[in-house]
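Construct the complete structure from the given sequences, taking the supplied hints into account.
Below, each chain spelled out in residue letters.
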Amino acid sequence: MTQGIWYNPSKTILAAIALVFVAVSGVRAELLIRITEGADSAIPVAVVPFAESGQMPAGDKVSSIVQADLTMTGEFRALSPEKMLSLPSRREEVYFRDWRLLGQRYVLVGGLSRSGDRVQARYELFDVNREERILGETAAAPASNMRSLAHHISDKVYEAITGVPGVFSTQLAFVTLDAAGGKPRYRLQVSDVDGKRARIRLESQEPILSPAWSPDGKKLAYVSFETGKPVIFVHELASGKRTKVADFPGLNSAPAWSDDGRSLLMTLSRDGNAEIYRMNLETRQLTKLTNHWAIDTEANWDASGKGIFFTSDRSGGPQIYHMETPGAELRRITFGSRYNARPRADSNGEFVYYVHQRDSAFHIARTDLETGEETILTRTESDESPSVAPNGRMLIYATDQNGTSVLTVISSDGGAAYSLPGSEGEVRDPAWGPLVR
Amino acid sequence: MKFSAQSKAFALLLSVGLVAGCSSTGGTAEDGEYGSDVGAVDQEGGSTVYGGDDQRGVSSSAMTEKERMAAREQAEQAALRDITVFYFDFDTAEIKPEARDVLVAHARYLANNPGRNVRLEGHADERGTKEYNLALGERRANAVQRFLIVNGASRGQIETVSYGEEKPAVMGSSESAWAQNRRVELVFE
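Chains as they are written, first to last, in this note's numbering: chain V, 899 to 1335; chain R, 2 to 190.
What the hints contain is simulated information worked out from the structure, not anything from laboratory work.
Remember, predicted model here, so these are calculated numbers, not experimental data.
Okay, derived cross-link-like pairs now, DSS-like style, lysine-lysine, Cα gap no bigger than 25 Å in a straight line:
1) K168(R) - K1127(V)
2) K1081(V) - K168(R)
3) K168(R) - K1142(V)
Where chain R lies over chain V, by a calculated footprint (3+ residues, C-beta under 8 Å):
4) 1099 to 1109
5) 1206 to 1218
FRET-style restraints, in silico, Cβ to Cβ:
6) G1159(V) - F91(R): 31 to 41 Å
7) D996(V) - M172(R): 49 to 59 Å
8) F189(R) - R1212(V): 27 to 37 Å
9) D102(R) - T1125(V): 28 to 38 Å
10) F189(R) - E1180(V): 40 to 50 Å
Don't be surprised by glycine CBs; every beta carbon is placed ideally from N, CA and C.
Structural data, given as structure tokens:
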């Protein structure tokens, strides 16, 4: 069977420990997608339904997946196909004047052809005003993997227009909680960036927290309470194999991977209170990075990969701090409110994103690392767990909607919002996976 | 409720009386220090409480009064120990004044019963971030642990764990729910 761009989980079911069941073969859960608001400055783009030659596999059309991808960013406003005056599939059929009349800046056309087990896509992207082709490609994928083909096209289109790599082929990790029927069921899941094709990687009756992607996208580190206390595991997605990496007395929490995938930042309280450590995953050697009676936690590497951002309440309440290199002097980043926590830096070194209390609400905010300017990004009021997309242009976080925790994607300037309500209870702790080339 | 606490206390005295030998450490209970002296008085007074005549001590009426006070103290301590959940204000791990007497009662009980162990489970309300709340829950459990140790319990009797915001006692997003979730639970093992 062709692998495609996928992780193919092992079919082996490991022996069940009393409280934990590792489910590695496909129990699928669909998350719905709902656009809550779009940005004003969105670029109008027309994604024309692709011409089809041969039997197309069942499921969403490639063009509708591309349309949904571009819309999710908040940077594009897609023209509904009903409004299209014609449905071209190649340059000769494109009347630019028609598209200008419809106010479109870009038009994407293409055709799909089926040959045996594979589908080939030929597509072209045009700048309507300049009447110029700016992208043209042929791509192919197994008929069983049309979604990945569509996301690939979205990535190319996005990059051709914005100059920034698209993140539509990335994955999300998150935790769901199903409390119906008395006994809580926690599930660690991995899905496509739009919430589709979600697969359960770990199931437990005890909490699972803080999933963190390895830089190669092949592993997740997370905190599990399956033994009755917080313990850090590293979980290999392809094989389902898990390794316990931190089980010291007290806390073992907040794992974060280094750029080379060789070490994990973690919060341990083995010395008496919550401090940040770095563990070499090969040797298991620990280096202590903070040494203060305050709570120090939620460490994450900065864009350079050499310094860390973290949360500390050494000034009386949680605030974001930066340490340029391990052991260097601290620079406090946040001042504007009494509660700022869980920093996540973007990979460009421009901003750090975090949870920020304003009056009685908890929003996602960001600070410009050059100017120090702070901006609140969300209007929702009980926000948690921000995670930045690897291209820095979007952010996913968890928030409360009518008493249930849902995931919401926003553009990183707060300009648009896109909700992924869970179909199975609460959805929390999202982690945006890396770009995997 | 007071009755059941008293009957519990009497039951306690009964068992102590039955188990205890006739040794008398003979201390007089001083005001506010019934903790360890209650035991001594119990051993002497156990039999007296059940209606025997007591010829030991200064005079029978004075001993009976002391025994009554001891019994009441015992009942109060047991009633205090009925409370096993301690609450905190937002983002603090400060033990509230009203919790102190209760914790002292637990500490003394642990001191007197070195074979007993407790687990302190620290929690936070849902606001803010999960990992910070894990550390906050731990800080609260540690604060209670320190208080117990200072008041007589030994470190080996106490285990702590934090669940952060993951195991609320009360669901919901109201001030009331939050207040009930910011807690440490004392669980006897």
